[in-house]
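Those letters in the sequence shown? Residues 9 to 427, by my numbering.
To be clear, the hints were calculated from the coordinates, so they are not data collected in a lab. Take these hints with a grain of salt, some might be off.
With a Cα cut of at most 30 angstroms, we get these calculated DSS-like pairs of lysine-lysine [unchecked claim]:
#, residue 1, residue 2
1, K422, K407
2, K164, K422
3, K407, K396
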Amino acid sequence: MFDTDQIATNNMNKPMAATHSGSSLLKAVPMLLLFSSGFILGMISIANFPKFYESPFLSPMLHSLVPSSSRPIMQPSPSPETPCVWPPPLPSSTPTPAPSPPSTPTGLMGFLAPSGVTHNMTDEELLWRASMAPRVSRAPYSRVPKVAFLFLVRAKLPLRLLWEKFFAGHGKELYSIYVHSDPPFAASLPTDSVFYGRMIPSQRTTWGDANLVEAERRLLANALLDLSNERFALLSESCIPIFDFPTVYAHLTGSNDSFVDCFDNAGARARYRPALFAPHNITAAQWRKGSQFFEMDRALAVEVVSDERYFPAFRDSCAGRRGCLIDEHYIPTLVSLLRWRRNANRTLTYTEWRPRRPHPRSHGARDVTEELFGKMRGGAGNCSYNGKASDVCFVFARKFSPDALAPLLELAPKVIGFG
Numbered sequence: 009m010f011d012t013d014q015i016a017t018n019n020m021n022k023p024m025a026a027t028h029s030g031s032s033l034l035k036a037v038p039m040l041l042l043f044s045s046g047f048i049l050g051m052i053s054i055a056n057f058p059k060f061y062e063s064p065f066l067s068p069m070l071h072s073l074v075p076s077s078s079r080p081i082m083q084p085s086p087s088p089e090t091p092c093v094w095p096p097p098l099p100s101s102t103p104t105p106a107p108s109p110p111s112t113p114t115g116l117m118g119f120l121a122p123s124g125v126t127h128n129m130t131d132e133e134l135l136w137r138a139s140m141a142p143r144v145s146r147a148p149y150s151r152v153p154k155v156a157f158l159f160l161v162r163a164k165l166p167l168r169l170l171w172e173k174f175f176a177g178h179g180k181e182l183y184s185i186y187v188h189s190d191p192p193f194a195a196s197l198p199t200d201s202v203f204y205g206r207m208i209p210s211q212r213t214t215w216g217d218a219n220l221v222e223a224e225r226r227l228l229a230n231a232l233l234d235l236s237n238e239r240f241a242l243l244s245e246s247c248i249p250i251f252d253f254p255t256v257y258a259h260l261t262g263s264n265d266s267f268v269d270c271f272d273n274a275g276a277r278a279r280y281r282p283a284l285f286a287p288h289n290i291t292a293a294q295w296r297k298g299s300q301f302f303e304m305d306r307a308l309a310v311e312v313v314s315d316e317r318y319f320p321a322f323r324d325s326c327a328g329r330r331g332c333l334i335d336e337h338y339i340p341t342l343v344s345l346l347r348w349r350r351n352a353n354r355t356l357t358y359t360e361w362r363p364r365r366p367h368p369r370s371h372g373a374r375d376v377t378e379e380l381f382g383k384m385r386g387g388a389g390n391c392s393y394n395g396k397a398s399d400v401c402f403v404f405a406r407k408f409s410p411d412a413l414a415p416l417l418e419l420a421p422k423v424i425g426f427g
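Whenever a hint applies, use it, and build me the whole structure from the sequences.
Written as structure tokens, this is what we have:
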């Protein structure tokens, strides 16, 4: 059965519940609106926070609170002289290309044959560089041996025109020229001269001093930088060729020996100083003398520029001594110390020595005759070449004075074979 009183009571409570629910909803709406407004304002604040952060007022304080690793990089303030531009202009999208490095010779040929003789190496650096020698005997390129003509002169080449005619018409793949002169040439050379641009970095020389040997080593070292140079002939401003170029070239490049004057006699031993040379293991029996003017192959030239054992003894022997004349002793004695077997023990440069005179005879204009050339070429006779008798003893000669140039140029086509 139904309880009518209970049903009536429930019906009476329904309007009161609806009224209570409506009142709660009206109270919630403002809260929702307030919450939504706060949310929107919060998002706007977050979006504008970097500008707020960079404000002059808060920036110092915030920087002290934010770790340095997380701080944004601030642009420096422009100086008063700099136009104020903010934000700074963006860099160009096309980067500026880096400058190209200077071009340098590459490949084997750039190493084999230097294009010039100018450099800024010290003597120590030069001798070290020149002492390098290939260990592989077979060259990986077509090789034509060259003759290096080494001119040790003093400020001039009075017989230059004769040498110009000697070299004329012959390819530079057959020869190279090196000039050591201090002071430098008094007059400039024509640009078409074979001597133009061939002066090496030079130093002062004095007759009979150790600096003459240093100049010889300097010439050899510069010539050794060209790996095609196979023969090395030392000459002076008073030297001349007494054969034409093909004959001289064939005689030098065809020889199995070097030509370093090297003899032992009482006059040579008189200059030996036991106190100076014995501590360097140079005995009187090894002491030699000879002409300063040599012609040698590449192997011996490398030995001369590489010598750090014996040359200091010779250099020290000249210290404080005038006219010690080691230019006549160092290379001949070195050949003896090395027990160099491939040496003819004579020079290829004719010199006419006079008894009891420290200097050889100088040939002037009146001495230039066909008979003189015959005498110079044959020398004393009994000369050998590659183990066989030869009628060619010399291919160069000295000393010729500047006034001999005119008759030499006149006689050269008939006697020497050029001009």
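Comparing the hints with the structure gives:
no.	hint	result
1	K422 / K407	21 angstroms, holds
2	K164 / K422	27 angstroms, holds
3	K407 / K396	29 angstroms, holds
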